[in-house]
Amino acid sequence: MSKYLIYYEHEDTADAWMSTLLRYAVQKRLGIVSGSFPIIGNLSVIENILLPAAYHHKTSYENGEKAIIKDLRKFNIEHHLHSRSNQLNNFERFIVKFLQVKYLEPDWTVFFNPRRMFIAEYEEQFHQFLRCEDLKKSVIIEHEKHRYLFEDMNDYIEKDFDLWATQDLNI
Amino acid sequence: MRKTIESTGQKAIDSMRFFAGYFAFTVAFFKGCFNPHIFYPSVKLVFRRQIYFTGVQILPTFSFVSLALGLALVGGLTKFMVQFGAESAVGSVLVTTTVKELAPLVTAILLTLRTSTAVTAEIALMKMNREIETLKSLSIDPFVYLYIPRILSGVICMAALSIIFVYISILGGYLILSFNLNISFDFLIGTIFDAFTFNIVLVFFIKLILLGYFLMSIPIYTALQVGNAVTEIPIALLKGMFRLFYAIIIVEIIGVIL
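Each protein sequence line maps, in turn, to chains A and B. Each number in our numbering corresponds to the 1-based position in the first sequence with 54 added. Each number in our numbering corresponds to the 1-based position in the second sequence with 40 added.
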């Protein structure tokens, strides 16, 4: 299991990292969960989640529906199956974004500035999510000032971005 | 004087930029057509939906317009020509006006009003909300997923609706003629089919393909120029519609030359 925490101090650094990751994601499958890449507004929740699976793995709507309902039920949002982005709260949007990335079946799941994706009231839910979700290769990239949020995440190791990019992503 | 020269120069540079960018967009479109993902379920779904929005939802309005124009033009023109003893020319005049000129033009105008505007706004909003970046971040080619299904559906709907226009307008025209003149439906259809030439059919399909392509590709390309401000969306809409208007005129000129 490879789970890393990467912190940045300046926004410019974060922007540069994001550009690097996006360039990599266009070529190879990298699951980026970030507010910078919102879910598609004119698609429903199920269509958003199925999109990468249907595009990359030819998954049909009928085949994907059952699995998606099961996943949404885990987060108690199965009633939002046919909702649009504007009918979800910040944390629900975060979950849909995560599931979208999950169905991409990427090597790495990157949570880029997760704190920005939801307001403070969902902090505990986010921690619970990280503890319960079985993520084999994941990276959390967050601003230095939010370091306290991840202090109890013992299975995550702090790492340097460049080191991760060269050693694990071979960029 | 200097300001005039500068402004003319700037317009020329902007035009060249547009043509260069649009040419690159067209090349990318043709490349994307060979991408195997266009046959995958996600792209098929977008294609089916776009066909529904472009070609099916418009049918009631389109049928009414076709019938009205058929009554006025086919009926009126044929009645006029028969009254002046030019029955023999009815077929060729109707084929030239209805098939070669009117059907592609009316369909293009109605699709511009309904679909091209919607596509411009939709793509511009997606660009502004970074949803196109979302697709890229999921290794999804926006050309394959967003643009190609829309452009192909534009071409298909343009062709289908133009053919429907021809049928409805001729039927509408016959309705008037059957009341006013002693003309049988067989006679009307017979003279129309006799007037069909290879050139007319060729020009008809060339116009349909060009107009169908422009109807979707110009709004999409223009919408992709939008930045981060909401105020840029109406500007893109305006620019897109004007560019499309010029494109329709160019296609009409090509049709006349051919």
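Be aware that one or more of the hints could be misleading.
Said to hold, decoys possible - Cross-link-like lysine-lysine pairs, in silico, DSBU-like; alpha carbons within 30 Å at most:
1) B:K176 with A:K112
2) B:K84 with A:K82
3) A:K57 with B:K176
4) B:K279 with A:K82
5) A:K57 with A:K82
6) B:K119 with A:K124
7) B:K84 with A:K213
8) A:K156 with A:K190
9) A:K213 with A:K57
Said to hold, decoys possible - Here are the in silico distance ranges between beta carbons for each label pair:
10) B:T66 with A:D216: 35 to 43 Å
11) A:E65 with B:L165: 37 to 45 Å
12) B:A269 with A:C186: 35 to 43 Å
13) A:K82 with B:K43: 50 to 58 Å
14) B:F79 with A:L223: 26 to 34 Å
The set of hints was computed from the structure by calculation and includes no laboratory data. All residues carry an ideal CB built from backbone N, CA and C; glycine is no exception.
A quick look at each hint next to the structure:
| no. | hint | verdict |
| --- | --- | --- |
| 1 | B:K176 with A:K112 | holds (18 Å) |
| 2 | B:K84 with A:K82 | holds (23 Å) |
| 3 | A:K57 with B:K176 | holds (24 Å) |
| 4 | B:K279 with A:K82 | violated (36 Å) |
| 5 | A:K57 with A:K82 | holds (19 Å) |
| 6 | B:K119 with A:K124 | violated (68 Å) |
| 7 | B:K84 with A:K213 | violated (42 Å) |
| 8 | A:K156 with A:K190 | holds (12 Å) |
| 9 | A:K213 with A:K57 | holds (9 Å) |
| 10 | B:T66 with A:D216: 35 to 43 Å | holds (40 Å) |
| 11 | A:E65 with B:L165: 37 to 45 Å | violated (26 Å) |
| 12 | B:A269 with A:C186: 35 to 43 Å | holds (41 Å) |
| 13 | A:K82 with B:K43: 50 to 58 Å | holds (51 Å) |
| 14 | B:F79 with A:L223: 26 to 34 Å | holds (30 Å) |
Of the hints listed earlier, those the structure fails to meet are numbers 4, 6, 7 and 11, in rising order.
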